[in-house]
Each structure stands twice: as structure tokens, then as C-alpha cells.
Amino acid sequence: MAVTAPQVRRLTSVETKLYLREPAVVFFAVGLPIALMLILGGTIPGFRDPDPALGGLRPIDTHLPGMMIILSVLTCAFSLLPTVLVTYRERGILKRMSTTPVSPVTVLGVQLVLNVAMSLFTTVLMLVLANLVYDVPFPQAPLAFTGILLLGMVSSLAIGLLLAALAPTSRIVQGLGMAVFFPSLFFAGVWVPHDLMPDVLRTIAEFTPSGAFGAALVDVLATGSAQWPHVALMAGWGVVATVAAVRFFRWS
Amino acid sequence: MAIITVQNLRKQYGDKIAVRDVSFSVEEGEIYGIVGRNGAGKTTTVECVAGLRKPDGGTIRVEADLKQQVGVQLQESAMPDKLRVGEALDLYASFYANPASVTELLDEVGLDPKAGFAKLSGGQRQRLSIALALVGNPRIAILDELTTGLDPQARRETWDLISRIRERGVTVLLVSHFMEEVERLCDRVAVIAGGTVLAVDTPAGLIARTGGVQRVTFRTTVPVESLNSLPEVHSVTVEAGHVTVTGDQNVLRAIVMALPDSAISYLKTETSTMDDAFLALTGE
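The listed protein sequences derive, respectively, from chains A and B. So for the first sequence, my numbering puts the first residue at 1; every next one is plus one. So for the second sequence, my numbering puts the first residue at 1; every next one is plus one.
Hints were generated in silico from the structure; no laboratory data involved. Because the structure is a prediction, the values reported are computed rather than measured. Wrong hints could be hidden among the right ones.
Derived DSS-like pairs: lysine-lysine, alpha-carbon spacing no greater than 30 Å straight-line [as the list claims (entries may be wrong)]:
(1) B:K16 <-> A:K17
(2) B:K119 <-> A:K95
(3) B:K67 <-> A:K95
(4) B:K114 <-> A:K95
(5) A:K95 <-> B:K16
(6) B:K54 <-> A:K95
(7) B:K54 <-> A:K17
(8) B:K268 <-> A:K95
(9) B:K67 <-> A:K17
(10) B:K54 <-> B:K67
(11) B:K114 <-> A:K17
(12) B:K82 <-> B:K114
Can you make the complete structure from the sequences, with help from the hints?
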């Protein structure tokens with residue numbers, strides 16, 4: 001089954017409209033991370049003080065945007081994407097599509113691209129607002145930053161895809177998604193930065209997909225580069241999750 | 001020429017046999033019915049034909065491209081709640097190489113393109129589902145239980161729609177457990193029970209197999225034992241003051257001639273239907 005331009009165009013347009021018609025989606029994936037960035041940046045003491053450990057940068061320049069970007073990415077990966085896919089399967093939408101010439105690759109691909117686009121949009125908007133309001137500098141190494149961001153998104157979405165493959169119903173996938181979401185936020189360093197974690201916990205955290213993502217993203221914002229082990233870990237998790245998701249995914 | 005040929009189809013789920021041995025062939029341009037009770041193997045059979053399930057045995061030949069030229073309306077398939085009718089049709093039209101006109105289809109099924117899926121009635125959902133099965137300009141449409149759960153009005157509208165599909169030259173494979181629907185729409189019918197085909201015939205042919213029975217019910221004040229000796233009569237039963245006589249097509253005239261006029265009140269005659277034919281065939 002070939003992937004044709006009209007299929008991709010229509011599916012992208014329809015799925016975008018469906019996402020935008022759910023106010024909760026726009027709120028949790030776009031509004032909340034940006035609002036938290038602005039509110040926490042203005043209220044938490046010390047976030048706007050230069051830190052010698054960050055080479056004179058402030059937490060609001062590195063840790064805070066990094067973590068809020070991760071919040072948006074993980075919301076898409078562990079909540080939106082798997083819930084949409086499992087609901088589609090549950091309601092027979094995927095089975096029905098499988099009787100038409102549209103390829104499953106197109107259906108899944110459009111969902112992945114839309115979620116990446118939504119997180120990218122959130123990131124860009126957040127960086128622009130942070131720059132205007134708190135004078136946060138734009139990433140010093142834009143290419144490396146974009147590379148880390150995309151790799152983190154793809155590996156997270158692959159895990160979301162695996163959740164969708166494993167969960168039999170939309171209720172279960174929502175529960176499963178939350179069970180992965182909150183520990184992932186913790187390991188990423190959203191509540192306790194990696195620097196403040198005990199050594200053992202920090203080592204464990206940095207081996208998890210979101211932990212590696214968080215560490216690499218903060219590094220690239222603070223220093224303009226990331227460490228290869230983090231990059232390799234994200235890629236490794238992404239490949240494993242993708243292979244497993246493809247192996248277990250069912251259309252009906 | 002047969003457009004669908006199914007030979008000795010077998011399909012089981014675990015150790016439960018859904019389809020034991022089903023063979024039939026569908027000619028181009030006809031409406032072909034697959035009837036049977038719930039669990040008889042109807043849906044499994046057509047899902048194998050549609051390529052949704054892999055048969056465990058037998059062969060299926062479909063003289064059309066399964067994806068491009070076979071439109072499928074599945075039992076229990078919904079759309080996203082916030083998707084609008086027009087968007088759903090545009091989307092499905094984009095999947096096919098040579099789609100039908102969405103505007104014409106909308107007109108034909110009588111739906112508002114702006115209506116959201118969640119707000120559609122059962123009948124409207126079925127009409128949308130049929131439109132989606134037709135939007136690719138198929139040569140074959142497979143329709144599974146399309147009027148189950150509809151009110152009589154919506155059911156009739158759906159039947160009219162199916163009749164119009166035939167006029168487009170589309171071959172229809174129709175799954176149903178609703179005999180009136182089959183009698184009204186189908187050119188030929190395969191009766192399935194226990195995963196095998198019991199009979200294939202026209203609806204009229206199936207009814208004729210039960211002997212073209214007429215059933216006459218009336219109330220009377222006189223004894224009716226004498227009716228038993230009439231050649232036109234098959235059986236006489238009396239229950240709660242009502243007499244029910246079955247017999248051939250001349251049975252009504254025979255009864256009226258045999259009994260005094262004034263002795264008969266409340267008279268009702270019924271011709272045997274697909275229901276009777278189905279019950280007779282499946283041994284009920």
C-alpha cells in the first residue's frame with residue numbers, strides 16, 4: 001500500500017482539527033507548560049539568580065525551560081498519543097481504515113508527526129515568551145538543541161506507541177500512561193534537579209529514557225553540547241520501544 | 001461471471017470453530033444475502049472475504065482489488081466523536097485512487113456535512129457508514145448488519161438506499177439476521193447455521209421450499225373437525241377460541257365454502273414469509 005499525498009494531507013488536516021477541538025489537549029500540551037514556565041520563573045526564589053555551576057547562567061535559562069519542554073513532550077507521548085490510538089482501535093476506527101487503501105504507516109506517521117509538531121510549537125512559543133519576559137537567551141547551539149529535542153521526542157513517542165500496543169482498552173492505557181508519566185517526570189528532574197539527587201538515584205535516573213532526555217536537554221541549554229551516553233541511551237530506548245511496539249501493535 | 005467465489009472456507013478461533021465449511025459464489029451486480037442467527041459464522045465469513053481475517057482452510061477468490069474496489073461497512077464501527085460528516089467523507093475519499101463525488105454521496109444519503117459524529121442518530125450513523133463504504137467507487141460493497149438497532153422508519157430509509165446502490169451497478173454482499181430485510185433486498189440468499197451453508201436460493205425460492213403455506217386464523221361458533229378432511233388443508237388447531245388452519249394457496253376458499261358464512265368472525269390470513277422459511281430450514 002502506497003503512501004499518497006492526498007492521504008497524508010487529509011489525515012493531517014483532520015487529525016489536527018480533532019486535536020484542536022479538544023480544549024484539554026491544547027491546555028495540557030501547550031498552555032500548561034508555558035504557563036508554568038512563566039509563573040514558576042517569576043515566583044520561585046533563586047531561579048533568576050546567576051549560578052556559577054551553570055557558568056553564570058540562571059536556572060530560568062536552563063533547568064526550567066528544559067523541564068517544561070519535557071512536560072509537554074511527555075504529555076504528548078504518554079497521554080495524548082496512546083489514548084488517541086487505543087480509542088481508535090477500541091471504536092473500530094483502525095479496523096475500518098484497514099479495509100481501505102490507506103497504509104497503517106500513514107495513519108501512525110501522521111499521529112507521530114502531529115505530536116512532534118505540537119511539542120515543537122510549544123517549545124518555540126515558550127522560548128520566545130521566556131526571552132521577552134525574563135530575557136532568557138535562545139539556545140546557544142540551536143542545531144544541537146534541536147537534535148536533542150527531536151531525539152527525545154521520538155524516543156518518548158516510541159514508548160507511548162508501545163503503551164498503546166500493550167494496553168487493551170482506553171481506560172487501561174490512560175492508567176498505564178499516568179503510571180509511566182509521573183515517574184518519568186521525576187527521573188527527568190522536573191521536581192528534583194539531577195544535581196540535587198543522591199548519586200545512586202541520579203545514576204538510575206540518567207539511565208531512564210526521560211532521565212537521559214532531561215540531562216541532555218539541560219546540558220545543551222547550559223553548555224551548548226550534550227554527553228554522548230545520554231544521546232546513545234535515548235536512541236537505544238527509542239529503537240527498543242519502536243521494535244516492541246511494531247511487534248505488539250494490533251489494529252483491532 | 002462470479003465476482004466472489006468462496007470454497008470450503010474454514011476459520012476457527014482457538015478451538016472454537018466459527019466457520020466449518022462455507023461455499024458460495026456471488027454474481028456481478030446482484031445483492032447477495034448471508035443470513036443466519038447470531039454466532040452462525042456470518043460476520044467471520046464476510047470478514048474473511050474482505051481480507052480482514054485469514055482463513056484456516058478453503059479458498060476465497062474476489063475479482064476486484066480488495067483495498068481499492070471493495071467497500072466495507074463493519075458491524076460496530078464508530079468515528080471520532082468530534083469528526084464531522086463531511087470531513088469523514090473527504091478523508092475516506094482521499095484514501096482511494098478514484099473516489100466518488102462527496103457532494104453527490106452526501107446528497108444521496110441525506111446527511112448534513114457539518115453534523116458532528118457524536119450527534120448523529122443510529123440511522124444517520126448507518127447512512128454515513130454506507131456512504132463511507134461507497135466513497136471509493138467500489139465494485140463490491142460488503143454491508144454487515146446494517147439495520148440492527150434501527151427504528152422502522154430509519155430501517156426503511158436504509159433499505160431504499162441499498163436499492164439505489166444496486167442501480168449504480170455495485171455488487172452487494174449483505175449480512176443480516178433480519179428476514180424481512182433479506183426478502184426485500186436480496187436477489188439470492190445463503191442461509192448459514194453452525195458454520196455451514198444450509199441452502200442457497202432466491203428469497204421466493206426459499207419460501208416456496210416450505211410449500212408456500214397459507215395460514216388462516218378465525219373465530220367460529222360451529223365445530224371445525226370436518227375441515228380436516230378437505231384436500232386443501234394441512235392442519236387444524238383450536239386454541240382459546242381461535243382456529244388456525246394451514247394449507248395450500250386454496251385453503252381460504254375451501255374453508256369459506258365448508259363453513260356457514262355467519263359462523264366465521266375475525267378472519268386473518270398469512271402467507272408464509274422468509275421468517276417461516278428460515279425457521280423451517282434451521283429446524284425450529
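Exercise. Which of the numbered hints above does this structure break?
Worked result: 1, 7, 8
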